[in-house]
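Given two chains presented individually in distinct reference frames, assemble the corresponding complex, making use of the accompanying hints.
From first to last, the protein sequence lines are chains R and F. Each residue of the first sequence is one higher than the one before, starting from 1 at the first, in this note's numbering. Each residue of the second sequence is one higher than the one before, starting from 1001 at the first, in this note's numbering.
These aren't lab readings, by the way, just hints derived from the structure by calculation. Watch out, some of these pointers could steer you wrong.
Unchecked claim - A few chain R residues facing chain F, derived, Cβ under 10 Å:
1) Asp13
2) Ile46
3) Ser53
4) Leu87
5) Gly91
6) Asn112
7) Lys118
8) Pro121
9) Met146
10) Lys147
Don't be surprised by glycine CBs; every beta carbon is placed ideally from N, CA and C.
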Amino acid sequence: MDRETLFSTSSGDRPAVWIGVSRSVPREWMEPVLWGLEEEGVPAEIREYAEGSAEELARREAQRSPLEVGIGVEGRGKGIALYHRDLIRFGPLFFFEGSELDPGGLRRLGKNAARLVKRQPLDFGEECSAPDVPAAGGERDPERVMKRIIAEILNHI
Amino acid sequence: MRDILAVDTLRPQKVLGGLAGEYAMGNAVGLAAMVETHRLPMQRLATKLQDEIGVPVSVGGVEADMAVLGALTTPGTSVPLAVLDLGGGSTDASFLGEKGDTRSIHLAGAGDMVTLLIDTELGLENREAAEQIKRCPLAKVETLFNVRHEDGSVRFYEEPLDPRFFGRVVALSEEGLVPLETDAPLDRIVDVRRRAKSKVFVQNALRALSAVAPAGNIRLIGFVVLVGGSALDFEIPRMISDALTERGVVTGRANVRGSEGPRNAVATGLVLSHTRNGEA
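If we strip away everything but chain F, and leave its shape as in the complex, we get (with noise of 0.2 Å):
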């Protein structure tokens, strides 16, 4: 077990002997743990996968360490500079000076986390649901042609709305509305996912910036570059930014490769360490 994050969080709980299904709020504690991974797994994939294509598979690299060579390649960047991986399952920091001396650090809690802590405080007790909430802006379905965006915002339409969605939260995402299940009003649930996506990332990003920062001093590292899924988040940046700005910390969104956004550095990061050590 190398690192562990615990939040605190909320659960609905039923109320014994109730007889309307009253429920009254419990704490609970979320935990993500990071483990130790061994490289016999990831070697036997190697192995299979080139058996498959017949190309030479290898396993290699530091994923933090790869991170910092593909959000390089953003137009712009260079050392000294730090970079702030967030993914799904761990969140990643690593620090590259001038000297090309580097630190890095992966701590558990991340993507995946946020989601657990949405759907337990909301006891909706469905992971796409609370995929769905964390992801994607939501939205009060107000009348047959008309619905409210959380930032107060209308919208009309000119065919009315599926009777399935009238009255009900909904997720705005790519393939359209999505409606939600739960009986919690909007604001309640766009609190919980704000809370959620705080308590996890900017708790880890300060976490693992401060470990990999000069002398451990994060107003040290001047600027801050994000990559990963959840980087393309609509709000995390955003939170993770605020909260670096109080330390003097500029923070930006990679653009890998001048094209990818904050998305493939790892893999480009391979790539490029690969070709630069010429590696058979």
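Just chain R, with the same shape it has in the complex (with noise of 0.2 Å):
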């Protein structure tokens, strides 16, 4: 079986994230997420519509996309939303505004997108990054640690 019969003809069946957005957003302003969607290999589709929040058009993609993943940018780039199918309930997973929307921000976007659908661990920038273990050499002072065991038992007794 071929690539081209694999996936259903109608473009409404192809696997893909879609991407809700709003009339009045320059596409140049998207192009980073789709950026984002492409470096992880995932295929992406943009409808566009006349009016809508960033959370709303988010979540009705995610609805309908056959992998799940909805993404919604709102009009004049004011907030961008990203959403999964199971969170219908819940709220979007990503909501971004204002000065989180620079190019990086929404590269990153279009990449978590793509690795929620891929189930992979997500990318979160800087931050996150296992807390230093204290340097064990500050502790091989004999009269410091003789300090601390002295005080840990005071503590028990």
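What follows is the structure in structure tokens.
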């Protein structure tokens, strides 16, 4: 079976993340999101609407997308939301507006939409590193170790 | 230096000239060493503590012998008995015969070394994460609403999981799910964990028990009681028990004073020894 027949001919059934965009949003502004998705190898389809908040659009697109993931983009780049169909009762997975909407953040959102589909860990940017283990060297000093042991014992008495 | 344990392991090493952060597994050796302790620092600690609390404090007792005394408070135990103390820094064994004869040994290599091996082979560079992997069963977060445990069973949640957990392997700790930073798949992490525990504890259990067994023959031991923090681990006692069953030895976890489980054996033994000997 070749690739053409593997996926249905109707574009509505093609496995893709659906992106609902308000008509007033310039296409160039949206590109980083598409790059993020492309980088992760997941197809996306854009549909334009006259109106709708980012959340409403994302919610609707997630319900219809064959991959169960939807993105909604509000008018004049006011906000962007990422939804998974399983979250219909709960709220968007991510919602960004204002200063968070730089190309880097948009690209990351696209990446995360794809990772959601592929069930891979999400990208949170520079934050989220494991807490540093306190250096063991400081505890080698016998006096300090003794003080700690005694303090611990006194706590328990 | 009284004992050394060397364990072969693997370590991810960056490939020189690699463009995409490639790494290959290189050989490494983990070492645990048992060093003779001087009485002096312990005596200083005892003196300081005595000054603080005004109660006489003395240093005494061979750890392995105290572990036996404590283990014997487990209901249903009696001599002859071997006690295996699975600690963080050392694996100790003692044998108490019917006539009250004892033999004991302290070997390097225990819980801390298992953590080191896990840390090294997974390239974590994070002792805390390695400890979590050692102590806790693992699961993979499959969707926003369910995890799959390492035994294959699936657990669903009413509320969506934190997106930071999504797609990650998590450790099921008492404080809840702890996401692990490693990219290694669940099966590999489980395999590393089990092999580390086996290389250290099973090997040391056999080594230690052979040293204290009558005529150096483990088969003559009969019954082994496990004490120590690592005897609380969810898989180490079973691994040791399986290895010993092959040699006709029955293994059980201690229940010190009928209430403490495998912990507190040495402390209990010290108190018993003191009261029995009527030391001042």
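Hint check:
With a least beta-carbon distance of about 22 Å to chain F, the hint placing R/Asp13 at the interface is violated under the 10 Å criterion. Interface hint at R/Ile46: violated, since its Cβ lies 24 Å from the closest Cβ of chain F, which is beyond the 10 Å cut-off. The interface hint given for R/Ser53 is broken, as the beta carbon of that residue sits about 21 Å from the closest beta carbon of chain F, more than 10 Å. About 6 Å separates the beta-carbon of R/Leu87 from the nearest beta-carbon of chain F, less than 10 Å, and the hint is met.
The beta carbon of R/Gly91 is positioned within 10 Å of a beta carbon in chain F (closest approach about 9 Å), and the interface hint is therefore held. With its C-beta approaching chain F no nearer than about 8 Å, R/Asn112 sits inside the 10 Å limit, and its interface hint holds. A cut of 10 Å between beta carbons decides the hint on R/Lys118: the least distance to chain F is about 8 Å, and the hint holds. Evaluation of the R/Pro121 hint against chain F yields a held restraint, the C-beta minimum of about 4 Å falling below 10 Å.
At a threshold of 10 Å, the smallest CB-CB gap from R/Met146 to chain F is about 5 Å, leaving the interface hint in force. With 10 Å as the threshold, the beta carbon of R/Lys147 comes within range of chain F, its nearest partner Cβ sitting at about 8 Å, so the hint holds.
The structure does not agree with the numbered hints 1, 2, 3 stated previously, though it agrees with the rest.
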